[in-house]
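Asker: Read off the chains here:
Protein chains: 2
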Amino acid sequence: MASIEKIDVVQDIYEENDRIALETKESLGKKGIFVINVMGSPGAGKTSCIINIIKNMPEENFYVIEGDIESEIDTMKLKELGINAIQINTNGVCHLDAPTVQNYTKKINIDKPGILFIENIGNLVCPAEFQIGEHIKMLICSTAEGSDKPYKYPLAFEKANIILLTKCDLKEFVDFDDDFFRKGVRGLNRKAPVFEVNAKNGEGFREVVEWIKKNR
Amino acid sequence: MASIEKIDVVQDIYEENDRIALETKESLGKKGIFVINVMGSPGAGKTSCIINIIKNMPEENFYVIEGDIESEIDTMKLKELGINAIQINTNGVCHLDAPTVQNYTKKINIDKPGILFIENIGNLVCPAEFQIGEHIKMLICSTAEGSDKPYKYPLAFEKANIILLTKCDLKEFVDFDDDFFRKGVRGLNRKAPVFEVNAKNGEGFREVVEWIKKNR
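Chains A and B, in that order, are what the protein sequence lines are.
This note's numbering runs 1312 ahead of the 1-based position in the first sequence.
This note's numbering runs 1312 ahead of the 1-based position in the second sequence.
If you are wondering where the hints come from, they were derived from the structure by calculation, not from laboratory data.
Hints may contain errors.
Unchecked claim - Dumping the calculated DSBU-like pairs for lysine-lysine here, alpha-carbon to alpha-carbon at most 35 Å:
(1) Lys1389/B with Lys1342/A
(2) Lys1512/A with Lys1419/B
(3) Lys1389/B with Lys1512/A
(4) Lys1389/A with Lys1424/B
(5) Lys1471/A with Lys1367/B
(6) Lys1512/A with Lys1391/B
(7) Lys1525/A with Lys1512/A
(8) Lys1389/A with Lys1367/B
(9) Lys1495/A with Lys1512/B
(10) Lys1391/B with Lys1342/A
(11) Lys1471/A with Lys1389/B
(12) Lys1367/A with Lys1367/B
(13) Lys1424/B with Lys1512/A
(14) Lys1512/A with Lys1495/A
(15) Lys1391/A with Lys1424/B
(16) Lys1471/B with Lys1483/A
(17) Lys1525/B with Lys1391/A
(18) Lys1483/A with Lys1389/B
(19) Lys1483/A with Lys1512/B
(20) Lys1419/A with Lys1483/B
(21) Lys1471/A with Lys1424/B
(22) Lys1391/A with Lys1367/B
(23) Lys1495/B with Lys1495/A
(24) Lys1471/B with Lys1389/A
(25) Lys1367/B with Lys1495/A
(26) Lys1424/B with Lys1389/B
(27) Lys1495/B with Lys1471/B
(28) Lys1525/B with Lys1503/A
(29) Lys1424/B with Lys1495/A
(30) Lys1483/A with Lys1495/B
Said to hold, decoys possible - Selected chain A positions facing chain B (Cβ under 10 Å, derived; list incomplete):
(31) Phe1346
(32) Asp1380
(33) Glu1392
(34) Gly1394
(35) Asn1396
(36) Ile1398
(37) Gly1404
(38) Val1405
Quick caveat: nothing in here was measured; it's all calculated off a predicted structure.
Ideal Cβ positions, reconstructed from N, Cα and C, are used throughout, including at glycine.
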C-alpha cells in the first residue's frame, strides 16, 4: 500500500468519525443532554470524579456510558449508587470512537434532559484523537502520575476544556511540583481551568460543579 | 475498503513487525545484550525502576532507549546519572514498534555485553500488542492506579514476564487491595513473579535484580 493511500484511509476514518460525533452531539443537545467526555490514564480516578460530581448535583439527571477494555467493575459501582449506567467493552481497542458511542447512546434510556458522562478508556494518548459526540472534554490527571505529564502527553492537555487534578491528598508523598505542572498545562492550553480535588473526601468538587453549571 | 482487506492489512503489519522484532532480538542476543521491554501506565514509575535496577547491578553495562510521545525529560535524568541513554519521540504514536526500535538500536553505541532497557510509551493498552525485539517484558504498575488494573487491562498482565508493583509506600493511603490485585494477576498469568518495590528508598529492588540475573 502506497503511503499516500494510507494517509487517505486514515483521513477518511477521522472524517467519518467526526461526522458521526457531530450527529450525536446535535441530537443529544436537542434533547437537553450535555455530553462530557471523561479522559485520563488508568487509575487516574475517572469514575470517582464522576460519582463526586453527581453527588454534588442532586437536582440533575445523569447518564453514564462506561468505556473499558474489559470488566464491568465501574458500571456495577455506579449502578449500586442508583446511577443510570451502561458498559462498553472494547475488547482490546484503546479508545472510544463516535460510531460505537452513537450505538450505545441508543441503548441507554435517555428520557429527561440532563448530563451524560462518557468515561473513555484509561489511556492518556489515543482517546484525545477522537471526538465521540461530546460538548466538552474533561481531563482527569492524578498527582501520583507526576507533575511532568503535560510535557509528555501534550495532546490530551491541549484539547481539554476542564482539568481535574486528583488525589491531591497524596501530593506531599509523591513530591508533586505544582508550578512545573501548571506551567506545562498553560504552555499547551490557556483556557481550561485546573481544579484540585480529592475524591476520597469530596474536596474541590463544589467548584467543579459551579464551573459545569456556568459552562453547559 | 472491505473488512476482509482491512484484516489482511492489520495482519501484515503485525507479521512484518514480529519479523523485525525477532531480527533485533537475535542480533542483540549475539552481542550478549539482554533486552527488557518496560511497559506501564503514565507515571507508573518506569524510569525510576530502571534507575533502581541499574544502581543495584554495578558490575553490569546498561543501555536505555527511552520512548515518549514528546519531551526528553527522562533521557536527561538518565544521562545525568551517567547512563548511556537515547530518546525516541513518537510525536503522537501510542506505542513503540519493532522497525522504530531497530533503527534506534543502531544509533545507541552498544560496545559491550549488557542489558538494554527499552522504556515503552506510558500506556497500559497498545504497547502490549507489539513485540519490539525484547527478551522479556517487564510490567510496571503502581499501587496508586488501584488494585483492579489486571481486570481492566488484561493483555499487559497476561504478556508480562515480570511485574513490579511500585509506590508500595502509598498502599495505606490508596486502600490498595493486595488479594484482589494478585488474584487478578494470577487469573491471567500463572508464571510472572510480582515484586513489591518502592523506588523512593530502593526497597524491593535487590529481589528484582536477583530474578533478572537468574532469568537472563
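Asker: Confirm or reject each hint.
Answerer: Results of checking the hints against the structure:
1. Only pairs whose Cα atoms come within 35 Å are accepted, and Lys1389/B paired with Lys1342/A is rejected, the gap being roughly 51 Å.
2. Annotation: proposed proximity of Lys1512/A to Lys1419/B is violated, straight-line Cα distance about 47 Å (limit 35 Å).
3. A distance of roughly 33 Å separates the Cα atoms of Lys1389/B and Lys1512/A; the hinted pair therefore holds under the 35 Å criterion.
4. Between the alpha carbons of Lys1389/A and Lys1424/B the distance comes to roughly 53 Å, so the proposed pair goes past 35 Å and is violated.
5. Between Lys1471/A and Lys1367/B the alpha-carbon distance is near 39 Å, which puts this suggested pair outside the 35 Å criterion.
6. Between Lys1512/A and Lys1391/B the CA atoms are separated by roughly 38 Å; this puts the pair beyond 35 Å, and the hint is violated.
7. Of the pairs offered as hints, the one joining Lys1525/A and Lys1512/A holds, with about 23 Å between alpha carbons and a cut-off of 35 Å not exceeded.
8. Distance check on the hinted pair: Lys1389/A and Lys1367/B sit about 42 Å apart at the alpha-carbon level, beyond 35 Å; violated.
9. About 25 Å separates the Cα atoms of Lys1495/A and Lys1512/B, which keeps this hinted pair within 35 Å; it holds.
10. Simply put, Lys1391/B and Lys1342/A have alpha-carbon atoms about 55 Å apart, too far for the 35 Å limit, and the pair is violated.
11. Distance restraint check for Lys1471/A and Lys1389/B: the Cα-Cα separation of roughly 28 Å lies within the 35 Å cut-off, and the hinted pair is therefore satisfied.
12. This hinted pair does not check out: Lys1367/A and Lys1367/B have alpha carbons roughly 47 Å apart, beyond 35 Å.
13. Restraint check: the Cα-Cα separation between Lys1424/B and Lys1512/A comes to about 50 Å, which exceeds 35 Å; the hinted pair is violated.
14. Between the alpha carbons of Lys1512/A and Lys1495/A the distance comes to roughly 27 Å, so the proposed pair stays at or under 35 Å and holds.
15. With a CA separation close to 57 Å, the supplied pair Lys1391/A and Lys1424/B exceeds the 35 Å bound.
16. This hinted pair checks out: Lys1471/B and Lys1483/A have alpha carbons roughly 32 Å apart, not beyond 35 Å.
17. Taken as a hint, the Lys1525/B and Lys1391/A pair is broken in the structure, with Cα atoms around 48 Å apart against an allowance of 35 Å.
18. Restraint check for Lys1483/A and Lys1389/B: the C-alpha separation of about 21 Å stays at or below 35 Å, so the hint holds.
19. Proximity of Lys1483/A to Lys1512/B is assessed by CA-CA distance (about 14 Å); at most 35 Å being required, the pair is judged to hold.
20. For the hint pairing Lys1419/A with Lys1483/B, the CA-to-CA distance comes to about 38 Å; that exceeds 35 Å, so the pair is violated.
21. Pair hint Lys1471/A plus Lys1424/B does not hold up; C-alpha atoms about 45 Å apart against a cutoff of 35 Å.
22. Under the criterion of a C-alpha separation no larger than 35 Å, the hint pairing Lys1391/A with Lys1367/B is inconsistent with the structure, at around 48 Å.
23. Proposed proximity of Lys1495/B and Lys1495/A is contradicted: the alpha carbons are some 41 Å apart, above 35 Å.
24. As the CA atoms of Lys1471/B and Lys1389/A are separated by approximately 28 Å, the hinted pair is consistent with the 35 Å bound.
25. Annotation: proposed proximity of Lys1367/B to Lys1495/A holds, straight-line Cα distance about 32 Å (limit 35 Å).
26. Pair hint Lys1424/B plus Lys1389/B holds up; C-alpha atoms about 22 Å apart against a cutoff of 35 Å.
27. At most 35 Å may separate the alpha-carbon atoms for a hinted pair to count; Lys1495/B and Lys1471/B meet this at roughly 16 Å.
28. Restraint check for Lys1525/B and Lys1503/A: the C-alpha separation of about 51 Å exceeds 35 Å, so the hint is violated.
29. This hinted pair does not check out: Lys1424/B and Lys1495/A have alpha carbons roughly 41 Å apart, beyond 35 Å.
30. A threshold of 35 Å between alpha carbons decides the hint, and for Lys1483/A with Lys1495/B the separation of about 29 Å falls inside it, so the pair holds.
31. The restraint placing Phe1346/A at the interface with chain B is violated, with a minimum CB-CB distance near 27 Å, outside the 10 Å limit.
32. At its closest, the beta carbon of Asp1380/A sits 5 Å from a beta carbon of chain B; the interface hint therefore holds under the 10 Å criterion.
33. Taking 10 Å as the C-beta cut-off, the interface hint given for Glu1392/A is violated, the closest approach to chain B being about 15 Å.
34. With a least beta-carbon distance of about 21 Å to chain B, the hint placing Gly1394/A at the interface is violated under the 10 Å criterion.
35. Here the hint on Asn1396/A is broken, as its CB sits about 21 Å from the closest CB of chain B, past 10 Å.
36. Checking Ile1398/A against chain B: minimum C-beta separation of about 17 Å lies over 10 Å; hint violated.
37. At its closest, the beta carbon of Gly1404/A sits 7 Å from a beta carbon of chain B; the interface hint therefore holds under the 10 Å criterion.
38. Interface hint status for Val1405/A: upheld, as the beta-carbon distance to the closest one in chain B is roughly 8 Å, under 10 Å.
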